[in-house]
Amino acid sequence: MWSNISAAPFLLTGFPGLEIFHPWISISFFVIYVSILLSNGTLLFLIREDHALHEPMYYFLALLAATDLGVTLTTMPTVLGVLWLDHRAISHGACYFQAYLIHSLSIVESGVLLVMAYDRFIAIRNPLRYTSILTNAKVVKIGLGVLMRGFILIVPIITTLSGFPYCKSHVLSHAFCLHQDVIKLACADITFNRLYPIALVSLTGFLDSVLILISYILILNTVMGIASGKEQAKALNTCVSHISCVLVFYVTVTGLTLIHRFGKYVPHVVHIIMSYIYFLFPPFMNPIIYSMKTKQIRNGINRLLSLHRI
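If you're matching positions, the sequence shown starts at 1 in the UniProt record's numbering and goes up one per residue.
None of these hints come from the bench; they were simulated from the model.
Keep in mind that the hints are not guaranteed to be accurate.
[Said to hold, decoys possible] Straight-line alpha carbon distances no greater than 16 Å define the calculated EDC-like cross-link-like pairs of lysine to aspartate or glutamate that follow: (1) Lys295 - Glu55; (2) Lys168 - Asp181; (3) Lys295 - Glu19; (4) Lys168 - Asp189.
As the structure is a prediction and not an experimental result, all values here were calculated from the model.
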């Protein structure tokens with residue numbers, strides 16, 4: 001009997017109790033998804049085509065935009081499928097693969113924010129040697145390292161996840177697959193899958209945030225040694241966009257973590273909304289932040305628009 005139940009597809013969930021509003025909710029999600037695709041896609045196109053943006057800082061920004069696009073493209077099909085078509089069934093293989101991509105890209109995003117902090121540290125600490133330290137070859141190696149870290153570290157828990165029998169309800173809590181959601185349905189010893197993510201979060205998200213903090217302490221120490229107040233402001237201004245993106249990412253992560261840990265009496269719909277904020281808010285905000293706060297990006301957008309007018 002277990003084998004039959006275990007083989008049944010998982011069932012995704014939209015907003016329980018609000019199914020009648022799913023078509024209207026889907027409009028908001030569609031607009032947000034399209035905005036994310038257009039803004040991050042434009043950023044990638046701009047960095048590729050505009051030679052003024054061929055610098056390490058913008059290469060790392062391109063990696064951030066690509067990661068945000070990856071998260072969006074990973075969750076969009078199932079979310080809109082549930083909200084538009086009430087298509088809830090998802091095969092085990094597709095569910096594991098989606099969970100793998102979602103969690104891997106989350107680690108990648110954390111790593112990209114860390115290397116962007118390192119980039120700002122080098123730019124302010126050694127401005128004259130900036131391009132000689134962060135050569136194109138080194139940027140590629142750092143980028144590959146960040147990607148490999150994210151996509152390799154998630155393999156163990158997804159591999160074990162795919163080997164478990166599922167004899168309980170196959171109903172998931174979201175319109176996409178998450179490891180912590182699927183593992184609750186397993187009928188097996190899940191000790192490894194409970195402990196490994198804790199170690200993983202400590203060695204990636206927590207360590208990354210500490211290293212980012214240390215980077216900015218060193219940056220502030222360097223800036224305070226600059227004699228001119230104008231030069232101090234100019235140096236710090238180059239960090240504003242990155243600091244804003246770091247805050248957007250870690251505030252949403254912290255909010256989601258607190259809701260899951262201490263929100264037993266919080267309505268379930270709040271848990272669901274927080275998960276969507278976590279996956280949609282950073283990809284939505286990051287291009288806006290860099291477009292508003294980075295002069296070179298604004299100039300590039302203006303040049304792009306002027307070419308289209310011609």
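The hints, checked one at a time:
Distance hint between Lys295 and Glu55 is fulfilled; the C-alpha atoms sit about 14 Å from each other, no more than 16 Å. Distance hint between Lys168 and Asp181 is fulfilled; the C-alpha atoms sit about 13 Å from each other, no more than 16 Å. Proposed proximity of Lys295 and Glu19 is contradicted: the alpha carbons are some 44 Å apart, above 16 Å. The hinted pair formed by Lys168 and Asp189 meets the criterion: a straight-line CA distance of about 14 Å does not exceed 16 Å.
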